[in-house]
Amino acid sequence: VTAPAVSREAVRPQPDRRGAESRRADRSTALVEGWLRAHTALVYAFLYLPILVVILFAFNDTTRRVTAWDGFSTKWFGIAFGDAVVQKALLNSFIVAIPNAILATTFGTMAALGLQRVGKRVRLVFDALTYTSVIVPEIVIALSTLVLFATGFDLIEAWFGIKLNFGHPTIIAAHVLFNTSLVLLLVRARLSGMDRTLVEASSDLFATPWRTFRQITFPMLLPAIVAGFLLSFTFSFDDYVITTFVSGPGSSTLPLFIFGQVKRGVTPETNAVATVILVFTVGTLLIGQLLLMWQSRRTGRHGDSGMASIVTDN
Amino acid sequence: VATPNSLPVRPEAAQPGRFRSRLLSTALLLPAAIWYVVLLVAPLAIVIIFSFGSRARNGGYTPGFSFDNYLRAIDKSDPFITSLAMAAAGTIACLLVGLPLAYFLATRASRRKGVLILLLVVPFWTSFLIRTYAWLIVLGPDSGVAGWVNAITGDDGFRILGTPLAVLIGLVYGYLPLMVFPLYVTLERMDRTLVEASKDLGAGRWATFRQITLPVALPGLVTGSILVFIPMMGEYVIPQILGYGRTYLMGNALVTDFLEARNWPSGAARAVGLIVIMFVTITAYLWFVNRGRRTREVSVL
Chain U
1 VTAPAVSREA VRPQPDRRGA ESRRADRSTA LVEGWLRAHT ALVYAFLYLP
51 ILVVILFAFN DTTRRVTAWD GFSTKWFGIA FGDAVVQKAL LNSFIVAIPN
101 AILATTFGTM AALGLQRVGK RVRLVFDALT YTSVIVPEIV IALSTLVLFA
151 TGFDLIEAWF GIKLNFGHPT IIAAHVLFNT SLVLLLVRAR LSGMDRTLVE
201 ASSDLFATPW RTFRQITFPM LLPAIVAGFL LSFTFSFDDY VITTFVSGPG
251 SSTLPLFIFG QVKRGVTPET NAVATVILVF TVGTLLIGQL LLMWQSRRTG
301 RHGDSGMASI VTDN
Chain B
1001 VATPNSLPVR PEAAQPGRFR SRLLSTALLL PAAIWYVVLL VAPLAIVIIF
1051 SFGSRARNGG YTPGFSFDNY LRAIDKSDPF ITSLAMAAAG TIACLLVGLP
1101 LAYFLATRAS RRKGVLILLL VVPFWTSFLI RTYAWLIVLG PDSGVAGWVN
1151 AITGDDGFRI LGTPLAVLIG LVYGYLPLMV FPLYVTLERM DRTLVEASKD
1201 LGAGRWATFR QITLPVALPG LVTGSILVFI PMMGEYVIPQ ILGYGRTYLM
1251 GNALVTDFLE ARNWPSGAAR AVGLIVIMFV TITAYLWFVN RGRRTREVSV
1301 L
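As they're listed, the protein sequences go chains U and B. Counting from 1, one number per residue, gives the positions in the first sequence under the numbering used here. Counting from 1001, one number per residue, gives the positions in the second sequence under the numbering used here.
Calculated directly from the structure, the hints in this document are not laboratory data. Hints are not guaranteed to be accurate.
[What the hints assert, rightly or not] If you want the ones that stay clear, here's a sample from chain B, every Cβ over 10 Å from chain U, calculated:
id	residue
1	1057
2	1075
3	1143
4	1214
[Stated by the list, open to error] Reference listing, derived: stretches of chain U covered by chain B, where coverage requires no fewer than 3 residues with Cβ under 8 Å from a Cβ of chain B:
id	segment
5	111–117
6	156–170
7	250–260
Don't be surprised by glycine CBs; every beta carbon is placed ideally from N, CA and C.
Working from the sequences, and respecting the hints, build out all of it.
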């Protein structure tokens, strides 16, 4: 991806009166401009090269080494989709990601709305918890959650004689924690930027609080809620660290499958699975982004369009 | 994230109404609160308690109260120092790569800005694991960078994978956007007339950059550095895959303690140490940013 620079130098005074010194300055300006442009192009190449390499080598018609190019073929996609382990991992990924996204979006949105109605102290406590869940390194959260579940399951077995095991519920529970914070932050950001006069007008016009919520607040929050849902889904779908420590036998998701493959040596099948995941997650989020842009254009709001702005805001 | 004002409370709300309203607030907050208490507060509390205990015979935890685990963590602080060095190097590398890019996006990209920003976000949406293992192919000795170098030099010994350099590349690649976004936002808001004024007053390019652009970008620079430094400190996947586990960071040490040595108390002490470092860093950062804001206001006055 090359990025042509549109020079802003037109604003500057014409250099013809200033002689040799300014000509030297212009040369150094051109040099700096060129360097900035080249640097940007290189960074974009750096960002996309590895991804493109994975996709390219998924189409490699080889039976030997992954990176020895033997011609174009789609056979590895067939092999990957026919692989029972991949099928199971894919199924597990959906079994985890969908309930996680539903729960996290519901809890996060509810909490964002609830926080508007409570005093400063409760808000501070919630803020502290939200930021803690985001700041504490994922590996620490993963290991301490593992210790909690292991200790808790032992106690439950000792007290009630019920044997609980790691599996889908433990993965979902652990993912929902992080994603609730994510949705909470997104929806709160949207709430704080919301036009309050509409809510007041609605209640002045004798709408019930529920009706105000349904007809005013909810539609305005929808972009943030949709973004939160999609980001929660892809986080869960892509997560390795937390999932690997709280998964049980038979609940391995796709990232766990890929990590195992990587440890044994990448095959074209790994690349094929990775390509499908890449296309799927990027596709999901791009569709979400387009929906949000379309929605914001329809409601005539500018400046905040979708998920790119969620990352760039703040 | 700003704190929103509370919803307008209608004064005519009667006593039973107020009770119902509090009930609703509680109901709205309850699920998230339960999740935070059970899956955030409780695990962290357990880790803190365990860090003072000792290892049971068969692994796990025996209650106790001593600082032995902390002393051992300080004594065997190699992984921590390696993590600190890698995270610092990664942050500086992100800054060197990210600042010119953010500057270009903010001041030169003009109409293509939206597309370029989106292109910066898209890799961030994709699986971290896949983006990391992709470098196995790119840097690898078969047809990757190490292979080319070996072909050119005729030597077969050059390797990148399994070295700290590979880990560093992975860190920069994984977290670069987190550095670029805050830098971009601050530079984007920069008053361009300041730069023009500086040039008109005869300041050179470097002087203008150092005295105008850099101070303006400072909040973004600090935010970006924190955003990349924190996850780099706790990184686990990148050193595992690209470093072959040889560059032994805090994340790897924690996993070894908890899962292989099954010495939960020792791992817990390390984890607590890591969390404390995070909070100290962030507090220092907030203090720094607030102080910076105050001095800027003063200087404007």
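Problem - Least C-beta distance between residue 1143 of chain B and chain U, which was stated to exceed 10 Å - result: violated (4 Å)
Exercise for the section: Could you check that no beta carbon of chain U comes within 10 Å of the beta carbon of residue 1214 of chain B? Expected result: At about 15 Å from chain U, residue 1214 of chain B clears the 10 Å cut-off, so the statement holds.
Practice task
Take the segment 250–260 of chain U, compare each residue's beta carbon with every beta carbon of chain B, and decide whether three or more fall closer than 8 Å.
Solution key: holds (count 3)
Exercise for the section: Would you check whether the claim that residue 1057 of chain B is not at the interface survives, using Cβ distances to chain U and the 10 Å cut-off? Expected result: holds (15 Å)
Exercise for the section: Can you take a look at whether the segment 111–117 of chain U is actually covered by chain B? Rule is 3+ residues, C-beta closer than 8 Å. Expected result: holds (count 6)
Exercise for the section: Would you check whether the claim that residue 1075 of chain B is not at the interface survives, using Cβ distances to chain U and the 10 Å cut-off? Expected result: Given that every Cβ of chain U is farther than 10 Å from that of residue 1075 of chain B, nearest at about 21 Å, it holds.
Practice task
Between the segment 156–170 of chain U and chain B, see if three or more residues pass the 8 Å beta-carbon test, and mark the coverage as holds or violated.
Solution key: violated (count 0)
When the structure is compared with the earlier hints, violations turn up for hints 3, 6 and for no others.
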